[in-house]
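Chemist: For the record, the sequence lines run as chains A and B.
Residue numbers for the first sequence follow the working numbering, so the first one is 1 and each next one is one higher.
Residue numbers for the second sequence follow the working numbering, so the first one is 115 and each next one is one higher.
Some hints here could point you the wrong way.
As the list claims (entries may be wrong) - Just the calculated beta-carbon pair ranges, DEER-fashion:
#1 A/Gln64 <-> B/Glu129: 39 to 49 Å
#2 B/Gly155 <-> A/Val12: 18 to 28 Å
#3 A/Arg22 <-> B/Tyr153: 17 to 27 Å
What the hints assert, rightly or not - Calculated lysine to aspartate or glutamate pairs in the EDC-like style (CA-CA distance at most 16 Å, straight line):
#4 B/Lys221 <-> A/Glu44
#5 A/Lys42 <-> B/Asp199
#6 B/Lys172 <-> A/Glu102
#7 B/Lys183 <-> B/Asp168
#8 A/Lys42 <-> A/Glu59
#9 A/Lys83 <-> A/Asp62
#10 B/Lys163 <-> A/Glu59
#11 B/Lys224 <-> B/Glu202
Derived from the structure by calculation, the hints contain no laboratory data.
By construction, the Cβ of each residue, glycine as well, lies at the ideal position given by its N, Cα and C atoms.
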Amino acid sequence: EPEVTQTPSHQVTQMGQEVILRCVPISNHLYFYWYRQILGQKVEFLVSFYNNEISEKSEIFDDQFSVERPDGSNFTLKIRSTKLEDSAMYFCASSRQGPVNEQFFGPGTRLTVL
Amino acid sequence: AQSVSQHNHHVILSEAASLELGCNYSYGGTVNLFWYVQYPGQHLQLLLKYFSGDPLVKGIKGFEAEFIKSKFSFNLRKPSVQWSDTAEYFCAVNSDGGSQGNLIFGKGTKLSVKP
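Generate the whole structure from the sequences, applying the supplied hints.
Modeler: Here you go:
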């Protein structure tokens, strides 16, 4: 069964450093998403991506964040200058179509900012 | 703004007990409703979803949920839980209104089933 994969599973970085979180969505999916979950809090939407551009983004997704689909298979989330409060679990998801379709989630990347 | 409330933070049951997890959402328009489950060490996976039609939806592993529009609720039920149902359960909502389907999640309910 196809699945969404994410690398790395755990990333530790120093405050102020740039990190890139990688995701490989399911191959015939068209919609891609990033969510994050700070420990003990809700899973929060960050950004959705369709047709090679951002469709929607939340208030969390400020200028420090960017997304890219560099090669037709990977979908990356870059945090330009990490802050302590960026420590969270980051989930990538993909779906074949829009709102009415199931989103398939990856296993997540745990980001720890020291 | 849309929001989702899950009132139970942690539920502990014995095997064969019945389960009902509450979920209420706040949104005035047409919504799609989901329950996701996260088993220990695994990723989020879909249990069931409601888009339209019969408000009683059946999902995998014997779970079902009922959409009650007047109460803005989408409670998850299972008549007899098993130890393997130990997991965290997330209610989520999105809307058709011009969005690309980004999900709004509740805080999650941790279910522990004692053998």
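Chemist: What are the numbers of the hints the structure violates, in ascending order?
Modeler: 5, 10
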